[in-house]
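Peer 1: Here's the letter readout for the chains.
Protein chains: 4
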Amino acid sequence: MKVMIDLCVIPLGVGTSVSTYVTACQRVLQDAGLSHQMHGYGTNIEGEWDEVFAAVKRCHEVVHEMGAVRISSSMRIGTRTDREQSIDDKINSVKTKLAE
Amino acid sequence: MKVMIDLCVIPLGVGTSVSTYVTACQRVLQDAGLSHQMHGYGTNIEGEWDEVFAAVKRCHEVVHEMGAVRISSSMRIGTRTDREQSIDDKINSVKTKLAE
Amino acid sequence: MKVMIDLCVIPLGVGTSVSTYVTACQRVLQDAGLSHQMHGYGTNIEGEWDEVFAAVKRCHEVVHEMGAVRISSSMRIGTRTDREQSIDDKINSVKTKLAE
Amino acid sequence: MKVMIDLCVIPLGVGTSVSTYVTACQRVLQDAGLSHQMHGYGTNIEGEWDEVFAAVKRCHEVVHEMGAVRISSSMRIGTRTDREQSIDDKINSVKTKLAE
Numbered sequence: 001m002k003v004m005i006d007l008c009v010i011p012l013g014v015g016t017s018v019s020t021y022v023t024a025c026q027r028v029l030q031d032a033g034l035s036h037q038m039h040g041y042g043t044n045i046e047g048e049w050d051e052v053f054a055a056v057k058r059c060h061e062v063v064h065e066m067g068a069v070r071i072s073s074s075m076r077i078g079t080r081t082d083r084e085q086s087i088d089d090k091i092n093s094v095k096t097k098l099a100e
Numbered sequence: 001m002k003v004m005i006d007l008c009v010i011p012l013g014v015g016t017s018v019s020t021y022v023t024a025c026q027r028v029l030q031d032a033g034l035s036h037q038m039h040g041y042g043t044n045i046e047g048e049w050d051e052v053f054a055a056v057k058r059c060h061e062v063v064h065e066m067g068a069v070r071i072s073s074s075m076r077i078g079t080r081t082d083r084e085q086s087i088d089d090k091i092n093s094v095k096t097k098l099a100e
Numbered sequence: 001m002k003v004m005i006d007l008c009v010i011p012l013g014v015g016t017s018v019s020t021y022v023t024a025c026q027r028v029l030q031d032a033g034l035s036h037q038m039h040g041y042g043t044n045i046e047g048e049w050d051e052v053f054a055a056v057k058r059c060h061e062v063v064h065e066m067g068a069v070r071i072s073s074s075m076r077i078g079t080r081t082d083r084e085q086s087i088d089d090k091i092n093s094v095k096t097k098l099a100e
Numbered sequence: 001m002k003v004m005i006d007l008c009v010i011p012l013g014v015g016t017s018v019s020t021y022v023t024a025c026q027r028v029l030q031d032a033g034l035s036h037q038m039h040g041y042g043t044n045i046e047g048e049w050d051e052v053f054a055a056v057k058r059c060h061e062v063v064h065e066m067g068a069v070r071i072s073s074s075m076r077i078g079t080r081t082d083r084e085q086s087i088d089d090k091i092n093s094v095k096t097k098l099a100e
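Chains as they are written, first to last, in full-length UniProt numbering: chain A, 1 to 100; chain B, 1 to 100; chain C, 1 to 100; chain D, 1 to 100.
The following block holds chain A by itself, in its conformation from the complex (with noise of 0.2 Å):
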């Protein structure tokens, strides 16, 4: 099952600045070959049902081992049966739209 999710991760007390334990995530993404872009507030992340949510508890791993004691994570997951689409697909989707 294909999945496509949008990931926030927000380490607590660990200061105001999250910049350096979301680079982190970054790099498990890049690590784990899943197509993903970051946006302003998540990262939309796509790919297999398992490698997918196995890249999710590894930021938490991660964000964990640089010593955030406590994660309070948001998260959005699409699936669908009916067809394949890409987070392109949806975004042109709706930019064709806007333009007509």
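None of these hints come from the bench; they were simulated from the model.
As the structure is a computational prediction, the values presented were derived from the model and not from experiment.
Since copy identity is lost for identical chains, a pair holds within one copy or between any two.
With a straight-line Cα cutoff of 30 Å, these simulated DSS-like cross-link-like pairs (lysine-lysine) come out:
id : residue 1 : residue 2
1  : 57        : 95
2  : 2         : 95
3  : 97        : 57
4  : 2         : 57
For this one, chain A is given, so just place chains B, C and D on it according to the hints.
Peer 2: This is chains B, C and D only, laid out in the frame that chain A set:
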């Protein structure tokens, strides 16, 4: 790694009544033997990371099998390494302060 | 327009214990006279759109006044035009089906 | 109070293709003159709290007017009192660290 999540599964393309699908997900959680508590806009679930996320995957699979071709879930994910804290612990901590 | 939301307010840079801030938000909701119900990972709130969102804004203001310089909340927002449905209606609809 | 949100509007009961509704929301944001950036699973929006949330309300109203009788949105809400930080600032902060 223990995890507490809050999950809201939304099937698309099956009309506006989603309680049949929510009920099926509750059964998935019961069958998995996971501690969980439904509220008005989602369900708290706690347990070992792998067991909890296996149940989330099963929810998506079951809802697809029931005929929903598209699902969009939203989830909060909480982990902590400093101490164990159950759903009830969290609620009681606030209720105690509210009563002060 | 009536709305039902599920809100989870997360203060950053104030340590890992957030129950003092959650308690302050519960007081905001009580003072606003809004129907609300706390669970283990957020709070259900229902009412008129403008009143509910005024309370959400007040929560952010109060938590900042308490010393948190950064807040990241997550929220689900439900509206429907076909019929009114309370938090309890939604829960009972699933509980009835579970008992069948 | 400035705010940055990430919004994902999901209309229920209108089939599985939601791009027409997402497009309408993009127009609402354009008409409101709000800085915003669509991604594969939502849209970043930044501005003054009241203006941003007026636009969110307008999105729900417009999608209902288009025929969706039920909507379930998910949103992240970020506020900070220590300094101003734009969507681009946040992204660049991580990109700089990734390149180190």
